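Asks: One letter stands for each residue in the lines below.
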Amino acid sequence: MKSNTVTIIKKEFARFFGDRQLLFTTVIMPGLLIYLVYSLMGVGIQQMATEGQDEVVALTVEHMPQSLVPVLSSFDSSVVITEQTITDDDIALLEDKELNTVLLRFPEGFDQLLTTPANPEALPNVEIYYNSTNNASARVYYALSSLLGNYGRPFTVNVPQTEEQHFDQASNDSIGAMIWSKLLPMLIIMMLFSGVMAIAPSSIAGEKERGTIATLLVTPLRRNELAMGKIISLSGIALLSGISSFIGIALSLPKMVSGEGVDYASLGFHYTTSDYLVLLLVIFASVLIMASAVSLLSALAKDVKNAGTMVTPFMLVVMLAGLLPMFQNGASENLLVYLIPFYNSIEVMVAVFAHEMQWMPVIVTVASCVVYTAIAVWGLSRMFNSEKVMFAR
Amino acid sequence: MEEILQVDGLSKTFTLSRKQQKIEHTAERRKVAVDNLSFSAYRGEIFGLLGPNGAGKTTTLRMLSTLIRPDSGDAVLDGCSVVSQPEAVRGKIGFLTSELKLEDFFTPNYLFDFFSHLHQVPDDIRAQRKAAMFERFGIDRFAEVKVANLSTGMKQKLSLVISLVHDPEVIIFDEPTNGLDVLTARIVTDYLQELRAAGKTIILSTHIFSLVERLCDRVGVIIDGRLVACGPLAEVCDGLSIEDRFFEMYKEMKGGEE
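Residue numbers (our numbering), protein chains in the order written: chain A, 1 to 393; chain B, 1 to 258.
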């Protein structure tokens, strides 16, 4: 009995340690990936924390109390403080998210009110007007809130005095654009990728495993016709699958996130026809790339299961790329970025959702996707032609 | 007689694993599967490659059908080289082996059309040919049954039919009766004779002596990747049965080694 247990253990170990690929994907890869993912996230968070740090912010203060002058002067030179009366027009101007502005209004005679409150029931209220979609403005707002919160005297900050009063001047549209641009590209990419994953391995590695690809290979069918036919049909099906998932998400998102302080239903989701067209174009381009990449890996794989194992690291890289917009403020302006497969599509989607779409990045993205797909078709044809790849066990 | 296939110095080697190297007491990383093979086949004959398992028959047929490339040498099939014109060769041959499978999901009807399209068979000819072949092999009654649900014999008959959708001049058949029940095996061998009568050339591999005796006009005996005899069946047999003659040759070949 015992010896058979050992025999079984030995056989399992021989199977496992003898298969270098399996060894890599189960023992080495997880640690490596976690290290990479966490390091990248760390870099991203740090970058987010320092973003807007060097941008100059105009801080307008009304009724500056003497006691707070030393506190406010603790800001570095990136915050330029002016004292003047804040009008409703000044507040309205804040809606422009390009303006690095924060407005700080103290009640008249603030120091006096702290020691001898006019009304013991109502504490003096400090108002900070800002725009949360402007990084610099948001940064100074958070800094001010924490400075004032630690001041240790009884007063309140940003308590609305009327129902209409709000302190974040970002429009619902721009808050929406910010949230959508951080969230949706990742979701779209993930959905498309899972669509590709559901079909590509069984279409290529599966045909290899079942021996049906050899039947095709002895017909006069050209290898590049086979490769192109596979990639295009897989992309089309994956697109359908992705669209289905996306509709599901679009319908359930408001329900999923409602009641968390943000009223998602009121967030703007206003995009033009050309936005949608660009989105569709970029989605199709990225599906082509995904189908190409997964097809190439599947062609190398021994069977469907093996294909799944081989695609996993690749999938994680794609997911990572999808996470990047979370740490970014809008799409990159460097055109070279739009040559990086996957990431370019994500960046274009970020730009579309953030209402910042420009044509050059879209053109570079789509063109590069077409070039990469052509290279993949060439590579896949080579693989279909290679007896080592097609018939090795 | 017109030569339709000239095989000239065909060779193929495979890489060995370290452990297999030890077993074979060799420092060579490569194992010669087919060694400088040359022979010809004539139009309208059945040519048999006879040899034990592992002799290199299947490797040879796979090279002839362009699934794998020879390391050296070439074969010219109806004027087209398997090395430099593989696509043209694929259009001229029907290749049948148990390793070529049909997708379970589809029906005989669909698969016949699909492979006819790949071979660019005109629609009217396709319909005609399908009707005749399906009837000939009794597939007509199962034309809309998914391959997965067909009996093993029916699947094999369908594979044969599918490999011939384009009415090829040369039919390459690896172990034609392997795994077939007696009924299906008979149907297949009868059909091969019909094809020969229709002027087609058939190259088959087998390790079954009776099959060679019954079917082949000419035979090539292959042992350890080398062609040890080749010619008309009677000539190769030299008065013996093919079985006795084969073992004579086998002893001659292996005698020195063991």
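Honestly, the hints are just simulated from the structure, not real lab data.
Take the hints with a grain of salt, since some may be wrong.
[As the list claims (entries may be wrong)] Straight-line alpha carbon distances no greater than 20 Å define the calculated SDA-like cross-link-like pairs of lysine to any residue that follow:
hint: 1; chain 1: B; residue 1: 155; chain 2: A; residue 2: 211
hint: 2; chain 1: A; residue 1: 305; chain 2: A; residue 2: 29
hint: 3; chain 1: A; residue 1: 305; chain 2: A; residue 2: 374
hint: 4; chain 1: B; residue 1: 155; chain 2: B; residue 2: 99
hint: 5; chain 1: A; residue 1: 305; chain 2: A; residue 2: 391
hint: 6; chain 1: B; residue 1: 19; chain 2: A; residue 2: 16
hint: 7; chain 1: B; residue 1: 92; chain 2: A; residue 2: 16
hint: 8; chain 1: A; residue 1: 388; chain 2: B; residue 2: 20
[Unchecked claim] Computed footprint of chain A on chain B, listed as stretches where at least three residues anywhere in the stretch have a Cβ under 8 Å from a Cβ of chain A:
hint: 9; segment: 66-75
hint: 10; segment: 100-113
hint: 11; segment: 215-225
[Claimed, not checked] To give an idea of the interface, some chain A residues facing chain B are shown, with a C-beta separation under 10 Å as derived from the structure:
hint: 12; residue: 214
hint: 13; residue: 219
hint: 14; residue: 387
These numbers come from a predicted model, not from an experiment.
Built from N, CA and C at the ideal position, the CB exists for glycine as well.
Asks: All hints, please: hold or fail.
Replies: Hint-by-hint comparison with the structure:
1. Among the hinted pairs, residue 155 of chain B with residue 211 of chain A is consistent with the structure: their alpha-carbon atoms are about 14 Å apart, no more than 20 Å.
2. About 17 Å separates the Cα atoms of residue 305 of chain A and residue 29 of chain A, which keeps this hinted pair within 20 Å; it holds.
3. With a C-alpha separation of about 27 Å, the suggested pair residue 305 of chain A and residue 374 of chain A falls outside the 20 Å cut-off, and the hint is violated.
4. Simply put, residue 155 of chain B and residue 99 of chain B have alpha-carbon atoms about 13 Å apart, close enough for the 20 Å limit, and the pair holds.
5. With a C-alpha separation of about 17 Å, the suggested pairing of residue 305 of chain A with residue 391 of chain A holds against the 20 Å cut-off.
6. The hinted pair formed by residue 19 of chain B and residue 16 of chain A meets the criterion: a straight-line CA distance of about 18 Å does not exceed 20 Å.
7. This hinted pair does not check out: residue 92 of chain B and residue 16 of chain A have alpha carbons roughly 45 Å apart, beyond 20 Å.
8. Of the pairs offered as hints, the one joining residue 388 of chain A and residue 20 of chain B holds, with about 19 Å between alpha carbons and a cut-off of 20 Å not exceeded.
9. With 4 residues having a beta carbon nearer than 8 Å to a beta carbon of chain A, the segment 66-75 of chain B meets the requirement of three or more and the stated coverage holds.
10. Using a Cβ-Cβ cut-off of 8 Å, 5 residues of the segment 100-113 of chain B lie near chain A, which meets the minimum of three, so the contact claim holds.
11. Coverage of the segment 215-225 of chain B by chain A is violated in this model, with 0 residues showing a Cβ closer than 8 Å to a Cβ of that chain against a need of three.
12. At its closest, the beta carbon of residue 214 of chain A sits 5 Å from a beta carbon of chain B; the interface hint therefore holds under the 10 Å criterion.
13. Of the supplied interface hints, the one on residue 219 of chain A holds, with its beta-carbon coming within about 4 Å of a beta-carbon of chain B, less than 10 Å.
14. Satisfaction of the interface hint for residue 387 of chain A is found here, the shortest Cβ-Cβ separation to chain B being roughly 4 Å, below the 10 Å cut-off.
Checked against the numbered hints listed earlier, the structure breaks hints 3, 7 and 11; every other hint is satisfied.
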